[in-house]
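Participant: These are the residues of each chain, in order.
2 protein chains.
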Amino acid sequence: MTPERFTRINDMLNHRQPDLTVCLDQVHKPNNISAVVRTADAVGVHEVHAIWPDPDMRVSGNTASGSQQWVNVKKHYQVKEAFDDCRAQGMQIIVTNFSDEAVDYREIDYTKPTAIVLGHEKDGISAEALALADKQVIIPMVGMVQSLNVSVAAALMLFEAKHQREQAGLYGINKLPDDYCQKLLFEQGHP
Amino acid sequence: MTPERFTRINDMLNHRQPDLTVCLDQVHKPNNISAVVRTADAVGVHEVHAIWPDPDMRVSGNTASGSQQWVNVKKHYQVKEAFDDCRAQGMQIIVTNFSDEAVDYREIDYTKPTAIVLGHEKDGISAEALALADKQVIIPMVGMVQSLNVSVAAALMLFEAKHQREQAGLYGINKLPDDYCQKLLFEQGHP
Ligand SMILES: C[S@@+](CC[C@H](N)C(=O)[O-])C[C@H]1O[C@@H](n2cnc3c(N)ncnc32)[C@H](O)[C@@H]1O
Ligand SMILES: C[S@@+](CC[C@H](N)C(=O)[O-])C[C@H]1O[C@@H](n2cnc3c(N)ncnc32)[C@H](O)[C@@H]1O
Chain A
17 MTPERFTRIN DMLNHRQPDL TVCLDQVHKP NNISAVVRTA DAVGVHEVHA IWPDPDMRVS
77 GNTASGSQQW VNVKKHYQVK EAFDDCRAQG MQIIVTNFSD EAVDYREIDY TKPTAIVLGH
137 EKDGISAEAL ALADKQVIIP MVGMVQSLNV SVAAALMLFE AKHQREQAGL YGINKLPDDY
197 CQKLLFEQGH P
Chain B
17 MTPERFTRIN DMLNHRQPDL TVCLDQVHKP NNISAVVRTA DAVGVHEVHA IWPDPDMRVS
77 GNTASGSQQW VNVKKHYQVK EAFDDCRAQG MQIIVTNFSD EAVDYREIDY TKPTAIVLGH
137 EKDGISAEAL ALADKQVIIP MVGMVQSLNV SVAAALMLFE AKHQREQAGL YGINKLPDDY
197 CQKLLFEQGH P
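Line by line, the protein sequences are chains A and B. Read in the working numbering, the first sequence has 83 at position 67, and its numbers run on one by one without any break. Read in the working numbering, the second sequence has 79 at position 63, and its numbers run on one by one without any break.
Any given hint could be a false lead.
Identical chains blur together in the list; that is why a pair holds if it fits in one copy or across any two.
30 Å max Cα-Cα, derived DSS-like pairs, lysine-lysine [claimed, not checked]:
#1 45 - 90
#2 191 - 138
#3 90 - 138
#4 199 - 151
#5 45 - 138
#6 191 - 151
#7 151 - 138
#8 90 - 128
None of these hints come from the bench; they were simulated from the model. Computed from a predicted structure; not experimentally measured.
Could you put the whole structure together from the sequences, leaning on the hints where they help?
Facilitator: This is the structure we're talking about:
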């Protein structure tokens, strides 16, 4: 590994936010999944959860732009399984949903450990996810179309979280377990 | 037309921001173009510019979610033609680019008449667009991947513009020409 690459990977690791994640509730279009994973990498999210009833689904395609290499996509068959995983890490669970209970996405405190849940391209968030979540949020829109593309919605929320966490000084300190970092440096050090 | 639909369309028209636009510099993947048009609608942009050397290109596909109906995509064959159009409307021209001259995208004052220029999926912004622009901006990232998906980058900038314009009280007042509004109400009033 070149010294430049070693420095680059270590820099990235220093910005990772292990207590921030995205959970995809049956999001199924490969382009969308890949774009979410790519944005996750860009804001420092090292692990994403995906609830996929289909065991063959995986991140692919060049929309991901190589981010699959840097972001772990953890597969779950059930909403409860994914949410239990996030709760075990102390995370609040924020679902995106079009309802009267939903608050503006910028009202949430994303400096707390947080899982952001996004829904299916056509059907939105599942009833099960809604029932198990802490809060509902919406990204206010002023046009005629009823919703944003799911990867766009994910990006707006993730970058809002990034801005809040920057203000709070949460970037620049390595918070990942040492063995994760060593393994990544070993496996990805040689491009 | 039902009274509800009439009210809904008029509400939308009151939020339109005729002095804010997006200019796609050879963005060519249909999914990306559609997602940008859909986000444009959501923030109140009624017209988008597309520089496409290929005369057959157009907005299609269900990623747009019907937004083509509400957002006009104006085609240009040359960068200069598109930029002249924006300049004639008094707009500053902000290009996204990975360079040392680029400033953080949130440092721009989007309450001014503004055109946001996005580049080709692989090649980025063209040399011609760079040469003719007023300012370069970047969306800071902290991961390993070199860039965001273009529709994600567009959405982050458009929603930043929306937030600034909301603060400045620029939504809620119809600023479009009367004949545009009448034509739209007439053509789109009957779903
Ligand atoms: C295309 S939307 C699904 C629309 C679906 N008809 C519904 O009513 O939920 C797909 C996903 O994108 C996210 N999304 C899209 N627009 C959003 C917005 N304005 N606010 C919050 N989330 C949004 C949500 O996660 C949603 O489940
Ligand atoms: C996939 S990128 C192109 C990358 C290309 N290799 C380059 O160096 O420009 C496609 C477009 O998305 C936009 N974009 C992606 N990430 C961006 C970022 N972090 N800041 C600003 N614009 C970005 C720009 O408009 C860019 O031209």
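Participant: Each hint should be assessed against the structure and marked as holding or not.
Facilitator: Hint check results:
1. 45 - 90: both (17 Å within a copy, 29 Å between copies)
2. 191 - 138: neither (36 Å within a copy, 33 Å between copies)
3. 90 - 138: Close inside one copy (23 Å) and across copies (29 Å); limit 30 Å.
4. 199 - 151: neither (35 Å within a copy, 41 Å between copies)
5. 45 - 138: Both: 11 Å inside a chain and 21 Å across chains, each within 30 Å.
6. 191 - 151: within (26 Å within a copy, 36 Å between copies)
7. 151 - 138: within (21 Å within a copy, 38 Å between copies)
8. 90 - 128: within (21 Å within a copy, 44 Å between copies)
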